[in-house]
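Chains as they are written, first to last, in this note's numbering: chain L, 1 to 276; chain Z, 1001 to 1655.
You may find that some hints are simply not true.
The calculated lysine-lysine pairs, modelled on DSBU-like cross-linking and capped at a C-alpha distance of 30 Å, are [to be verified]:
hint, chain 1, residue 1, chain 2, residue 2
1, Z, Lys1486, Z, Lys1572
2, L, Lys183, Z, Lys1481
3, Z, Lys1183, Z, Lys1486
4, Z, Lys1183, Z, Lys1242
5, L, Lys183, L, Lys236
6, L, Lys236, Z, Lys1183
These are calculated hints, taken from the structure and not from any lab test.
Chain residues, written in single-letter form:
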Amino acid sequence: MRTTTAGRESTAEFDSASASALMLILVLVGLIALAPSVTNAQSTATTTQNSGVTSPEEEEPPVMDNQIFGHILFDQLEGRTNGPDNEFRWDGEGWIGTDMNKLWFKSEGFAEHGVATDGDTEALYDRPIPYLRYFDFQAGVRYDLDSNPGMTWGAVGIEGLAPYFFEFAPTFYFSDRGRFAGKVTGWYDLLLTNRLIMQPEFEVNFYNTNDPSRGIGSGLSDLDTGVRIRYEISRKFAPYIGFAYTQTFGETARFTREEGGIVNDPRFIFGTRVWY
Amino acid sequence: MPRTKFGVGGCEHKPALTLVAQSRLEVRLTSFDTISDGLLSASRGSRDRVSRGITRRRFVQGVLAGGVIASLDLSRLPALAQKTASGPPLLSGNSFDLVVEQTPVNFTGRPSVATAVNGFVPGPILRMREGDTVTISVANHLPVDTSIHWHGFRIPSDMDGVPGLSFAGIARNETFVYRFPVKQHGTYWYHSHSRFQEQTGLYGGIIIDPQVEDPIEYDREYVILLSDWTDEDPEAVFSNLKQQSDYYNYHQRTVGTFFSDVRKEGLRATISDRLMWGRMNMNPTDILDVSGATYTYLINGQPPAANWTALFQPRERVRLRFINGSSMTIFDVRIPGLPMTVVQTDGNDIEPVIVDEFRISVAETYDVIVQPPDASAFTIFAQSEDRTGYARATLTPRRGLTAPVPPMDPRPLLTMVDMGLGNMSGMAMGDRPRMKMEAKPPSTPSAVGTVNARRDGYGEVPFPQPSPNTTRPSVPAIAGKPTPPKPITLREGPQVDNVAMRPTERLAEPGNGLDDNGRRVLTYADLRARYRGTDLRPPNREIELHLTGNMERFIWGFNGEKFSSAEPIRLKLGERVRIILVNDTMMEHPIHLHGLWSELENGNGEWRPYKHTINVKPGERLSYLVSADTPGKWAYHCHLLYHMEAGMFRTVIVS
Chain L
1 MRTTTAGRES
11 TAEFDSASAS
21 ALMLILVLVG
31 LIALAPSVTN
41 AQSTATTTQN
51 SGVTSPEEEE
61 PPVMDNQIFG
71 HILFDQLEGR
81 TNGPDNEFRW
91 DGEGWIGTDM
101 NKLWFKSEGF
111 AEHGVATDGD
121 TEALYDRPIP
131 YLRYFDFQAG
141 VRYDLDSNPG
151 MTWGAVGIEG
161 LAPYFFEFAP
171 TFYFSDRGRF
181 AGKVTGWYDL
191 LLTNRLIMQP
201 EFEVNFYNTN
211 DPSRGIGSGL
221 SDLDTGVRIR
231 YEISRKFAPY
241 IGFAYTQTFG
251 ETARFTREEG
261 GIVNDPRFIF
271 GTRVWY
Chain Z
1001 MPRTKFGVGG
1011 CEHKPALTLV
1021 AQSRLEVRLT
1031 SFDTISDGLL
1041 SASRGSRDRV
1051 SRGITRRRFV
1061 QGVLAGGVIA
1071 SLDLSRLPAL
1081 AQKTASGPPL
1091 LSGNSFDLVV
1101 EQTPVNFTGR
1111 PSVATAVNGF
1121 VPGPILRMRE
1131 GDTVTISVAN
1141 HLPVDTSIHW
1151 HGFRIPSDMD
1161 GVPGLSFAGI
1171 ARNETFVYRF
1181 PVKQHGTYWY
1191 HSHSRFQEQT
1201 GLYGGIIIDP
1211 QVEDPIEYDR
1221 EYVILLSDWT
1231 DEDPEAVFSN
1241 LKQQSDYYNY
1251 HQRTVGTFFS
1261 DVRKEGLRAT
1271 ISDRLMWGRM
1281 NMNPTDILDV
1291 SGATYTYLIN
1301 GQPPAANWTA
1311 LFQPRERVRL
1321 RFINGSSMTI
1331 FDVRIPGLPM
1341 TVVQTDGNDI
1351 EPVIVDEFRI
1361 SVAETYDVIV
1371 QPPDASAFTI
1381 FAQSEDRTGY
1391 ARATLTPRRG
1401 LTAPVPPMDP
1411 RPLLTMVDMG
1421 LGNMSGMAMG
1431 DRPRMKMEAK
1441 PPSTPSAVGT
1451 VNARRDGYGE
1461 VPFPQPSPNT
1471 TRPSVPAIAG
1481 KPTPPKPITL
1491 REGPQVDNVA
1501 MRPTERLAEP
1511 GNGLDDNGRR
1521 VLTYADLRAR
1531 YRGTDLRPPN
1541 REIELHLTGN
1551 MERFIWGFNG
1561 EKFSSAEPIR
1571 LKLGERVRII
1581 LVNDTMMEHP
1591 IHLHGLWSEL
1601 ENGNGEWRPY
1611 KHTINVKPGE
1621 RLSYLVSADT
1631 PGKWAYHCHL
1641 LYHMEAGMFR
1651 TVIVS
């Protein structure tokens, strides 16, 4: 967990121009990528028109296999407590698109007393990687959005199912100020029964330079790991309990201590996993 | 003695032998109470040994009087004397008026809305006669487009009923009149080819009486139409599968099954098995994509608790015309205590085979003769291949008498053979006693022709369905060996999660979950046509197609391509092709070619069975012959509805 740095003087300005530019690029990439499938569907419609015995302009192809689907999953929507201190944690992702072209959104963060203390949001173009069965390539932008000074990154990563059903998503981030960062997340669903599912999960963050404004030190910065046991009342609604452990390292740990934060922070968690 | 009686919902009728002159639709209906049978069966319902919550049990078993609950608009259908809760009515003749409309139904205890024909789910049984030209007008009272496809019919392609290929579909408030000559006989069915209307109830049985006397002798007959019903919106089912492909699989392997396997197989074997499947990211419990977690299985529109019932007199020969009108469910059918003689599949007579059980894949039909020896009742039991539920009906000499419902068999698990890794254990298939494997391997035909092939002139006369008095059209022979198939090179990728390394010949296997169950189970190798084929030419060309998919992503196709990115398959009018299918996926796929027969090469030479839908097992390689004798654009697809909509579809153009 990156520590709370609320009230620290802002040293890094949020460059809104660069953020807008990146967003624009992302949207364009998405549109370009989605275009072939749309054209595809249209050309199929055109070719089948010739066979029509009645009004051909209403004709659609016999199957519509480039349909756009959407998905929103909040994997973590939970309260974390260590007794005296409580915090709220969210971690969700969503996508919209076809089999081969999707727009992904990811968001995660912590909130305390109604204030987002650490959050980032990503918008990514997603496409399956050729010759890999279960991995997607993702590229887009990440924006660190919380009570700290904002920070915009370009993002490139992969996400998918590694052998042995291990979900794995490493992402590389870069900013126009020469900063680099990395995030690796992974999780695994262990079926205790078909509805009672244990999910160990981890996330680690790396940075190449210090960013005191966000309380981040270079090198391995922080680890968030946990085990949750959920009960799937339905696939889309599963309350859970669990245990989370966060730790900050190196310079980040020093910033955390200066802030009066906790470097090694074990907590009990309870929450709900929902999707639609 | 009248040789045929037709009973709908347990009520027998005189045979309609003077159908030719009949021009008006005729409705034959029944009046009896399924309710009483249903009440009796309520206690049977609790025999379901899968422990579930009460809600779910009711869902699986359905409600006592399932089906159509709407009051019918009798003024619109003057011949419709009364409504029935016991299955669809029978319409016969050569002119039919059908209305497609939304109808309130209740199969599960929860009211829902179905897509019905003339107010019924399934729609009315259509009985027509070979040699007639039939006129079927279909009025669309839905808020969306609709269509009806005549499954297995050999008719002009513009009558085939596939929107986007044969016609533009039937717009709302419009009526489309199908008119075509009937040049075949047997048991068939019809269904919508528009999006998911088939899932929501638009299907029904068809009987075509032969022009000559039916060589199959029976005293009484029933249509047994199997289907799957969900209260969910099919669009939501599809979306759920796209988001999480194992959404409906609640029988995956768990920590608990790990330990029970350790006790049975030993720790080492269990771990290596789990690692093998894990390395592939494959799931051996992935049998059917949509399960009893959402489906209630129906026979003639009745859930198990309502217990559709058919009557017989002891020692009568009863013909049961099984049709699998499901969207996604492959059934294993048996009648405990009563052997079945299979006499027909997909409308074509076969040499009778006596079995205890048969697997019926989606869209297939099987006609069986049963002869109950005495005045006891029998249960028609159709369990889904993944054993998550069953459809059930009763054959009984008197109303109210029922038979026990057997427990479902153990759930099958996929094996390495299903993965296309061949018979690693070296278990030869030849040790199966009932096998007839004089079949030549598909790709090494001994095609010999004497007359030079002529490219023109074929196809003016479509080849007739084999029958006792078949006259074969004379066509030039085809010389030489067939052009070998274009080699298919497939690599794993987003659309292909597996390529079968060693696909095997599996026609003599009964299928997953049916091995060594102590019963005589029908296999594809048992199907020997009763009459010689009508096109005896060897093929002039071979086409190889791989059935491919990515189960995790729920993407399906042929040769690693979905419909939208693939070119049509072009056949020359009059040519004879061998289609070789290799199933690279771990699921069974019922592959249906519209408009043309698929003659399965199962080792019976010129007595190869004619089919319209061929079920391909996981890891299997099989072949069939096709005479491209009817021009047009034909649909060619996996008949699992959500696989088709996901892209497992091709256009076949015969020109």
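Checked hints:
no.: 1; hint: Z/Lys1486 <-> Z/Lys1572; verdict: 16 Å, holds
no.: 2; hint: L/Lys183 <-> Z/Lys1481; verdict: 60 Å, violated
no.: 3; hint: Z/Lys1183 <-> Z/Lys1486; verdict: 34 Å, violated
no.: 4; hint: Z/Lys1183 <-> Z/Lys1242; verdict: 41 Å, violated
no.: 5; hint: L/Lys183 <-> L/Lys236; verdict: 27 Å, holds
no.: 6; hint: L/Lys236 <-> Z/Lys1183; verdict: 51 Å, violated
Of the numbered hints stated above, those contradicted by the structure are hints 2, 3, 4, 6, listed in ascending order.
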